[in-house]
Amino acid sequence: MRKLGLALAYIFVFIMMLLYFSPKVELYYTLEEFLKKEKIIFSDERVKNSGFTLELDNSKLFYRGVYGGEIEDISLSTLLLYNSLSFKNAYLNSALADILPKKIDYLNITYAIYNPVHITIDGKGDIGKISGYINPFSKLLHIELRVAKKEKTKYATLLRKFKPDEKGVLVYELRY
Amino acid sequence: MNLDINRYSKTAVTLLILAAIAKAISLGSIYFLNRSGVSQTVDNSYTMPYKSYRFSKPFGVVDVVVKSEDVVKVNQPVYNLSSLELKAIYKTHNGGFIVALDNTKGKRSVFIKMLSEYNGYTLKELTNEKATFERNGQKYKLEFKKKKSSALMAEPIARPKTQKYSDDVIRAVSKSEVHKYTKDFKSIWKSISIKEVKQNGKIDGFKVTSIKQGTIFDKLGLKKDDIIISVNNKPMKSYASAFKIYKDVKTMTSLKITVKRDNQTKDLEYEIY
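Same order as they appear, the protein sequences are chains A and B. By the working numbering, the letter at position 69 of the first sequence is numbered 69, and the numbering carries on one by one without gaps. By the working numbering, the letter at position 69 of the second sequence is numbered 69, and the numbering carries on one by one without gaps.
Note that these hints are calculated values from the structure, not bench results. Cβ atoms here follow ideal geometry from the backbone N, Cα and C, with glycine treated the same way. The reader is advised that the hints may include incorrect statements.
[To be verified] The following label-pair restraints were derived from C-beta to C-beta distances:
hint, chain 1, residue 1, chain 2, residue 2, range
1, A, K103, B, Y246, 18 to 24 Å
2, B, K224, A, K36, 28 to 34 Å
3, A, Y91, B, K224, 35 to 41 Å
4, A, Y91, B, T11, 46 to 52 Å
5, B, K202, A, E55, 33 to 39 Å
6, B, D262, A, E55, 38 to 44 Å
7, A, K103, B, Q213, 51 to 57 Å
8, B, Y246, A, V171, 48 to 54 Å
9, A, R46, B, S109, 55 to 61 Å
10, B, K202, A, K103, 50 to 56 Å
Use the sequences and the hints to build the structure in full.
What follows is the structure, encoded as structure tokens:
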């Protein structure tokens, strides 16, 4: 039993070492190639491998060659039992102000062992507070948005996709 | 004690070996991964703003009128000037002046003397019923507000008279109408739908798949199945170039859309005023 415990401990340590030494920068460059096929490009970013976290500073986002905005800080952490992708201070292209909020303060996407059914989403921006989840098993994206009154008319185009629930929270659901 | 040292050193050696294996796997995997990132090249080169120049003008040469009656009409189109609301006409022996309300400036009263310029329009002629302005060789009339047409007159724009143009004519589009579309992104997609046209995997223009009657795009003379190949001589080879036009159209004074229609290339030219 003691030997089994020791073996499991070694396996765990080995996995953590693999995660720590994994070539995150090169993995990110490979991911960029896949994103490029979907016409999504992160450009001019500073890529930094910080052990268990990959950090991208000042990324410019392009979709189909159109400048979408700049994200000050993106960090991707993989700790096996807790994984997160977070965006901080995203300034979107002002030309798209009619359909998208100008600034996103933060957006966290988390997948943790304590909530294995849901990938949780949590964020805040010009438009208001956002929370929700992705259920990879039922293939459902559920987003709840709490918007200030004055923003409702400003982002009318975007908010048309949301429906208010009984508490007045705007909800968007997508099955993919 | 000796036993403990042995045990610790054994654990340390095992961990070191595991670390070495993990590092070796990591280094080995780099061989299969990309070692450089992807970046977007942005065209920052400066290009002169597009202007529609007609070289005959400075030399006083009048464009030759060709054939059909339609084209004759089109060479001297008369537009309504609805950004102004005519209030009074004063004719004097040396010309006269008009009093009008400028709808774009909160209905401010303006006095415009004969042969003077207002917002690029020169007052050329006065009759008892109307004032005629001229701009870039085209005539614009300003009449007293009629009760029936009040809805039309309330629009703060100089709107072309509804008449059929030949395809070779320079049309007029009001700036405010253009602005309306640039401010409301979604209204564009309600009015027109376009689809990329690809050749050898690369975008080679945008095809108009549908167009709503009565919208600005319809008035511009665009037709279903037209392939927009360039705007202001800039080829439409990417979404970025199309988006750049959307962004810049607010500051444009003239616009040339080159389309492929029935396998022939046609230029649709507009003056934005």
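Taking the hints in turn, this is what the structure says about them:
no., hint, verdict
1, A:K103 to B:Y246: 18 to 24 Å, "holds (22 Å)"
2, B:K224 to A:K36: 28 to 34 Å, "holds (33 Å)"
3, A:Y91 to B:K224: 35 to 41 Å, "holds (38 Å)"
4, A:Y91 to B:T11: 46 to 52 Å, "holds (50 Å)"
5, B:K202 to A:E55: 33 to 39 Å, "holds (35 Å)"
6, B:D262 to A:E55: 38 to 44 Å, "violated (55 Å)"
7, A:K103 to B:Q213: 51 to 57 Å, "violated (39 Å)"
8, B:Y246 to A:V171: 48 to 54 Å, "violated (31 Å)"
9, A:R46 to B:S109: 55 to 61 Å, "holds (59 Å)"
10, B:K202 to A:K103: 50 to 56 Å, "violated (34 Å)"
When held up to the earlier numbered hints, the structure conflicts with 6, 7, 8, 10 and fits the remainder.
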